[in-house]
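Trainee: Taken in order, these protein sequences are the chains called X and G. Residue 9 in full-length UniProt numbering sits at position 9 of the first sequence, and the numbers go up by one each step. Residue 39 in full-length UniProt numbering sits at position 39 of the second sequence, and the numbers go up by one each step.
Read the hints as simulated data drawn from the structure, not as lab findings. Where is the CB? At the ideal position from N, CA and C, for every residue including glycine. Do not rely on the hints blindly, as some may be mistaken.
[What the hints assert, rightly or not] Quick list of simulated restraints, FRET-style, between CB atoms:
#1 G:GLU62 - X:ARG219: 50 to 56 Å
#2 G:PRO111 - X:VAL275: 42 to 48 Å
#3 X:LEU139 - G:GLN65: 47 to 53 Å
#4 G:SER2 - X:LEU65: 58 to 64 Å
#5 G:VAL144 - X:THR142: 45 to 51 Å
#6 G:GLN65 - X:LEU379: 28 to 34 Å
#7 X:LEU139 - G:ASP130: 17 to 23 Å
#8 G:VAL16 - X:MET239: 45 to 51 Å
#9 G:LYS150 - X:PRO384: 53 to 59 Å
#10 G:VAL25 - X:GLY231: 41 to 47 Å
#11 X:ALA135 - G:VAL144: 43 to 49 Å
#12 X:ARG382 - G:GLN65: 27 to 33 Å
#13 X:PHE292 - G:LEU4: 43 to 49 Å
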Amino acid sequence: MSEVGVSPVPMPAKRRGAQLLMLALAVAIVMGAYANVGLAIDGQIPSGMLTYGLSLGGLMLAAYLVLAKFAPWADPLILPLVTVVNGLGLVMIYRLSESDSGTGRLSSPTNQLLWTLVGIVLFSLTLIFLRDHRALQRLTYTAGAAGLFLLVSPLIPFIGRELNGARIWVGVPGVPSAQIQPAEFAKLALVIFFAGYLVAKRDVLALASRRLLFIDLPRARDLGPVLITWGVSLGVLVMQKDLGSSLLLFGTFIAMLYIATQRSSWVIIGVLLFVGGAVLAGMVFDHVYQRFEVYLNPEDPALFDREFGGSAQLMQGLFALGSGGILGTGLGQGHPELIPLAFSDFIFTAIGEELGLTGLMALLMVYALIVERGLRTALAARDPFSKLLAGGLSFILAWQVFIIVGGVTNLIPLTGLVTPFMSQGGSALLANWILIALLVRMSDAARRPPPQAIQNEGLTQVFQR
Amino acid sequence: MSELTLLLIRLAFLAVLWFFVIAAVGVIRTDLFGSRTAPAAGARNAGKPAKPVAKPKSKKGEPRQLIVTGGPLQGTTINLTEQPITIGRANDATLVVTDDYASSRHARLFPQDGQWIVEDLGSTNGTYLDRSKVTRPTPVPLGVPIRVGKTVIELRK
């Protein structure tokens, strides 16, 4: 053993100062972006800048104070990183609403700011009321049932709604604006369910096997949960025409199964099942087939001009990335409003046009750091449920970014998913803030120093027979 | 707004964005390699590697090694640090003994005020310091055998 190898592991510090500093920098970056948009479009600092800055700064300060009080040992980076992505999303939505043409009129920065407010309130409430995340383990099957119900709820008549070809909304009948996407909350409940279920069953899933050729195959009867999840996610794909949630759900389950059992055969089985299911769905269902068509041949003029399920949106996004280039056109100086729905699914290409590859890479780095902090929490966590939950939540975030960024850059077939924290949309924002609160709660538990062993033998004898 | 100003603003914004990312990585780095004072001290002494080595040497009379003097693992040595050492059959023990007479978490050695203390963790067959059974955390002198099942260990300088 070398001297270096045995140096004592430093205890994690609270790092509250670093967190506050990073948070201030994050808010400053968002404010800078906001001012930049105003300067570029109107030639002056936007009039609402003070209100906007004070509200965002106040919100983040409130979130910071709640975190410092109720999760003092939590990771110092998660909140500032999320602030930057959320804030830049807000700025981009504001910037799109400033342009008169195209999709600008549909974007609503005020609403998004309100949703951010509600998101931070939910973040704080989660931290305040969920003092020990292991309480969630007791809710394993409740969470599973709730997740499943939320997932199928858009199919229920009267409250379910179909919008832009996907039946993923529920709302109050007669009130067009009051609607949410329950699938966003379902994914949280399902990750909790997967974590609890896999903790209970991982031994049998990890050990019982038969050897076939080079890999250990699990027994046929242990395939049950995988097949059920596969069936549910294909059901989502077919009944709700929601490719993104389907891929997200199944991928997360497979990843958590792999984390729990460390068996690559599960990954192989999962990928084969999903590819098989997707190809089958592509042959049988029109809307899935259209996605493949667009994916393989987006430049085809016939596909570009097709009214529904055409490649126009994808191509506009790619054009935007192209005109952005390495350094971008500058905030407020490009034409991201030409991309249909640039404020929701395609916000990433809108940012890519105005900030260029350099900005996009920075943004992806921020996402990667959030995920890294989450996985770090999973590594440091002390019980298997926390490990699986933190790993699953970080993975679902990473997987979501991959699916949507891969989709808009035509790396994989485009599936409708929101970019976490950036796209306009309340449900996703709220669900992701709760996700972050759970990660913060777990990192607090993982980094908190273990209770010191009582060594004052005069008072207490700890181990006495 | 002139083109030049906007260009400068754009470049400055990208620079600040990357500065944020690098600052975040810096926070992680500090988290991994100790608090802010530790790397600063390490950097100052980087030119003279003798300094960090000198620190353990200064503690004269303190045990530096744990040596297994009897049992199947005879001859094994473990360098002592500030970390406690656990002995048992469990895989996460510092010294894993394969011994039917040892419990999975049998005993623990930890430093306190420059002394090493042995503590029995409720084992079935007990831990012995020299001839006497360890019933409470007991300081371990140099060279006195500790018996855990068939394994005998000693602290050496």
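Trainee: Decide, hint by hint, whether the structure agrees.
Mentor: Hints versus structure:
1. The hinted window of 50 to 56 Å between GLU62 of chain G and ARG219 of chain X holds, with their beta carbons roughly 55 Å apart.
2. Here the CB-CB span from PRO111 of chain G to VAL275 of chain X is close to 56 Å, at odds with the stated 42 to 48 Å.
3. Checking the proposed 47 to 53 Å range against LEU139 of chain X and GLN65 of chain G shows it holds: the Cβ atoms sit about 50 Å from each other.
4. Evaluation of the 58 to 64 Å hint for SER2 of chain G and LEU65 of chain X yields a failure: the beta carbon distance comes to about 42 Å.
5. Between VAL144 of chain G and THR142 of chain X the beta carbon distance is about 56 Å. The supplied range of 45 to 51 Å is therefore violated.
6. At about 30 Å, the CB distance of GLN65 of chain G to LEU379 of chain X agrees with the hint of 28 to 34 Å.
7. The hinted window of 17 to 23 Å between LEU139 of chain X and ASP130 of chain G is violated, with their beta carbons roughly 53 Å apart.
8. Checked against the hint of 45 to 51 Å, the pair VAL16 of chain G and MET239 of chain X passes, with Cβ atoms roughly 46 Å apart.
9. Evaluation of the 53 to 59 Å hint for LYS150 of chain G and PRO384 of chain X yields a failure: the beta carbon distance comes to about 33 Å.
10. The beta-carbon spacing between VAL25 of chain G and GLY231 of chain X, approximately 42 Å, falls within the hinted interval of 41 to 47 Å.
11. As the Cβ distance of ALA135 of chain X to VAL144 of chain G is approximately 47 Å, the hint placing it in 43 to 49 Å holds.
12. For ARG382 of chain X paired with GLN65 of chain G, a C-beta distance near 30 Å keeps the hint of 27 to 33 Å intact.
13. At roughly 47 Å, the beta carbons of PHE292 of chain X and LEU4 of chain G sit within the given window of 43 to 49 Å.
Checked against the numbered hints given earlier, the structure breaks hints 2, 4, 5, 7, 9 and satisfies all the rest.
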